[in-house]
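Given the sequences, and given the hints that come with them, work out the whole structure.
Sequences listed follow chains A and B, in order.
1 is the number of the first residue of the first sequence in my numbering; add one for each residue after it.
1 is the number of the first residue of the second sequence in my numbering; add one for each residue after it.
Just so you know, these hints were derived from the structure itself, not from any lab.
Keep in mind that the hints are not guaranteed to be accurate.
In this list, chains with the same sequence are indistinguishable; a pair is considered to hold if it fits within one copy or across any two.
[As the list claims (entries may be wrong)] SDA-like mimics (lysine to any residue), calculated; alpha carbons at most 25 Å apart, straight line:
| hint | residue 1 | residue 2 |
| --- | --- | --- |
| 1 | Lys276 | Arg323 |
| 2 | Lys388 | Ala283 |
| 3 | Lys226 | Leu256 |
| 4 | Lys302 | Gly242 |
Number of protein chains: 2
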Amino acid sequence: MKRGVSTEQLNWEQYQKDFAALAEIGQNNTGGVDRLAYTEADQQAHGLLAKMAEEAGFEVKWDGAGNLWITRRGTDDGNEKMPPLILGSHMDSVPDGGKYDGLLGVMTAFHAMRLLDGAPQRRTVTLIVFRCEESSRFNCATIGSKLLAEQLNGEKLKSCVDKDGISAYDAIRELGGNPDNLFQERKYIKNAFGFIEMHIEQGPVLQERNTDIGIVGHIAAPYRLKITVEGTAAHSGACPMGSRNDALTGAAEVILAVENLGRQYSSQRIVATVGKCDVINEAINIVPGHVELFVDIRGIDKEIMSEVVGKLHEELERIAAERKLRIEPAILSQETPVRLDDDMAELLVEQCLPNRLTFLHMVSGAGHDTMYMAGLTRATMFFVPCEKGISHNKKEAVSDEAIQNGLKLMYSVLLRICNLDPDVEKEKEEMERRFMEAM
Amino acid sequence: MKRGVSTEQLNWEQYQKDFAALAEIGQNNTGGVDRLAYTEADQQAHGLLAKMAEEAGFEVKWDGAGNLWITRRGTDDGNEKMPPLILGSHMDSVPDGGKYDGLLGVMTAFHAMRLLDGAPQRRTVTLIVFRCEESSRFNCATIGSKLLAEQLNGEKLKSCVDKDGISAYDAIRELGGNPDNLFQERKYIKNAFGFIEMHIEQGPVLQERNTDIGIVGHIAAPYRLKITVEGTAAHSGACPMGSRNDALTGAAEVILAVENLGRQYSSQRIVATVGKCDVINEAINIVPGHVELFVDIRGIDKEIMSEVVGKLHEELERIAAERKLRIEPAILSQETPVRLDDDMAELLVEQCLPNRLTFLHMVSGAGHDTMYMAGLTRATMFFVPCEKGISHNKKEAVSDEAIQNGLKLMYSVLLRICNLDPDVEKEKEEMERRFMEAM
Chain A
1 MKRGVSTEQL NWEQYQKDFA ALAEIGQNNT GGVDRLAYTE ADQQAHGLLA KMAEEAGFEV
61 KWDGAGNLWI TRRGTDDGNE KMPPLILGSH MDSVPDGGKY DGLLGVMTAF HAMRLLDGAP
121 QRRTVTLIVF RCEESSRFNC ATIGSKLLAE QLNGEKLKSC VDKDGISAYD AIRELGGNPD
181 NLFQERKYIK NAFGFIEMHI EQGPVLQERN TDIGIVGHIA APYRLKITVE GTAAHSGACP
241 MGSRNDALTG AAEVILAVEN LGRQYSSQRI VATVGKCDVI NEAINIVPGH VELFVDIRGI
301 DKEIMSEVVG KLHEELERIA AERKLRIEPA ILSQETPVRL DDDMAELLVE QCLPNRLTFL
361 HMVSGAGHDT MYMAGLTRAT MFFVPCEKGI SHNKKEAVSD EAIQNGLKLM YSVLLRICNL
421 DPDVEKEKEE MERRFMEAM
Chain B
1 MKRGVSTEQL NWEQYQKDFA ALAEIGQNNT GGVDRLAYTE ADQQAHGLLA KMAEEAGFEV
61 KWDGAGNLWI TRRGTDDGNE KMPPLILGSH MDSVPDGGKY DGLLGVMTAF HAMRLLDGAP
121 QRRTVTLIVF RCEESSRFNC ATIGSKLLAE QLNGEKLKSC VDKDGISAYD AIRELGGNPD
181 NLFQERKYIK NAFGFIEMHI EQGPVLQERN TDIGIVGHIA APYRLKITVE GTAAHSGACP
241 MGSRNDALTG AAEVILAVEN LGRQYSSQRI VATVGKCDVI NEAINIVPGH VELFVDIRGI
301 DKEIMSEVVG KLHEELERIA AERKLRIEPA ILSQETPVRL DDDMAELLVE QCLPNRLTFL
361 HMVSGAGHDT MYMAGLTRAT MFFVPCEKGI SHNKKEAVSD EAIQNGLKLM YSVLLRICNL
421 DPDVEKEKEE MERRFMEAM
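Okay, structure coming up:
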């Protein structure tokens, strides 16, 4: 496609109408969205989207995890050389969340599939609406994609329990699912051409740099620790400055050390945050004796991560020694960063150009279902900007232009991949290789 | 008294027995003391002490605030030139508090009065057991002494309400008291010779410096403020270090600035503490957008206090500007430091010497009923060391030796003051003045 997709081609009114119909499911009276995984609101959204898909003539099914599969068959369906393309995102929300988050990615993929009407489509394309991407309900994120990728099973899901004591296992069973029966679906993804997810950035980079599209090369993994700072509680009036072992001033130094490491390694894609600071038995007239800090460090390179964590430990020891405190770090979780597929990213770049979309190669600091699809097939992901990077919040906002840009790119890349002939492509590559060798 | 009091003179077994009987009232099953003001346990302690006082032949009454007055008449009772000496402390505790706190001061004063048996006693001595020194129940401290000093009245007490909605006013009325009827008692204190309170230090200085007695020259006043730090909440993975307005890292700088000011001014008797740090909507994966800090600054000089507060404001502005945060300080309370009486302190010093008690002149960082007595009469106060400075906690501990030292000093000073002849003293002073002039 040399000229790109025009806004007129987007069937924008239908997109808006359908998006609005889905977005209002679970909306509370303060304008936030409560569509937690496997709840009635989530079910309702799945039902409505399935109905829209059937109306569009697509095939619809739910897998053992409750993920919704929407398939538009291509003319070469069944041809092993033309395996299907898979798209995906999620529709569940955090409590009092925003309208866009996962839903925008689902709706963009679904609408791009509808836009193929009348266009050539050799390859089959399947949209997977993953279940329970958010950790809010069961303290466990990306359940649907993890089950598909065998990073989770029914047994483990029994211990993921919501505040009412309902396990994720029971929630899936109640819907008629079976989290341990995903063999066929796993095989389908493993044999696919590749996987694409669109999402809002959830960070401020694209807007700050006035860029249309973020092409995600890595998904950073969080290393989380709890740091306990123990000093000696004392009377704020009666204990002189020189006699104190103040756990909170020690914790303040730790907070700044974490920030400083993040800043020092920011060119190496490290972000480091203290998100929680709890003073135990706090009172205005007590010198704090016990503070708990919760730290989240993310990066895309395991070695750099280890270096940062090592330096943090050195800082903790220094602060503990200087202030005569006990500072104990405890690992809460340690995940592995995921590198996404370069060839798939290149196909996105190729379609940005005719559409005159500016783009940046970037890292996703947040986790996504794409992380688990990347273990099964060649996966890529792209971002569109959201207002001030605000997400997981009812203030979440995305401009029409940003949505249209995402839709143009999704439709363009769909059209391109669905009609990408492996033989023709190989021939072209061979010609290019010979050309390079001859130079 | 040239030779001091011997331990044999202290009637130590009786002291221990009676202290234990009072200390166990309100004891909970974890070893802490729950004897909150005006509760049944507090009443029971008042009743038992009154019984002990009657057994000792002392006069007993409760005033309109519920303060217990125990009087031992001297042989010059009624002689205007020999006004009474007043002692005082409290018996109410914080929740799950320690055994000593106020009770040690009450018991030491009471027992010193008993030790006068058989000794000369011209001046009358009265012990006031103040009510509700602790702020725990009604969020209002030193109610009994404030009412006596007209720093509080019945009307204001109606708005001091406990967690069950009972006001301090109603609690006093229920006991048959009338917080607005204290004219006679106020007059009695105003006409007194002076006031002495003994208390545990509640800080580590005496133990650290291996000193027996702390003679309190000033009671520091707290200046309390709430500092609100506002930044922008963001996703801990998706928001790069350079794009953040992290309220918690800003708050960490404020915490260290408060500590730094305390250290810088510590030779000028300033202590500065951040006792509470609350991250609003905290989560491990959110860059904090809103933090509230609660600061307690104490000093003995109003001007130095203003200087410290002024410098803190400068620091807040600097941090806000550097980090692009909104930092708003709000005053919660601002009390006036109290200077105690030098002549009364000198009488304590005079009695430390023959008793071979080492002493330090010091500041009380904690508030005490003495603050309000100082507005009515010449007041002084002394401390005995407590283990590691721990107080308001069931781990509170005081050695027998420390208690005996306090008792020796209290008894010695009682004996001295009760027999101090104003005419003889004036003559001595006049002689000294002439002697100095002649030199």
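These are the hints, each one checked on the structure:
Proximity of Lys276 to Arg323 under the C-alpha cut-off of 25 Å is found in both arrangements, the shortest distances being 22 Å within a copy and 19 Å between copies. In this assembly of identical chains, Lys388 and Ala283 lie within 25 Å of each other by CA distance solely across copies; the values are 19 Å between and 36 Å within a copy. Proximity of Lys226 to Leu256 under the C-alpha cut-off of 25 Å is found in both arrangements, the shortest distances being 15 Å within a copy and 21 Å between copies. Taking the closest pair of Cα atoms, Lys302 and Gly242 come within 25 Å of each other only across two copies (22 Å); inside a single copy the shortest separation is 42 Å, beyond that limit.
Hint compliance for this structure: no hint is broken.
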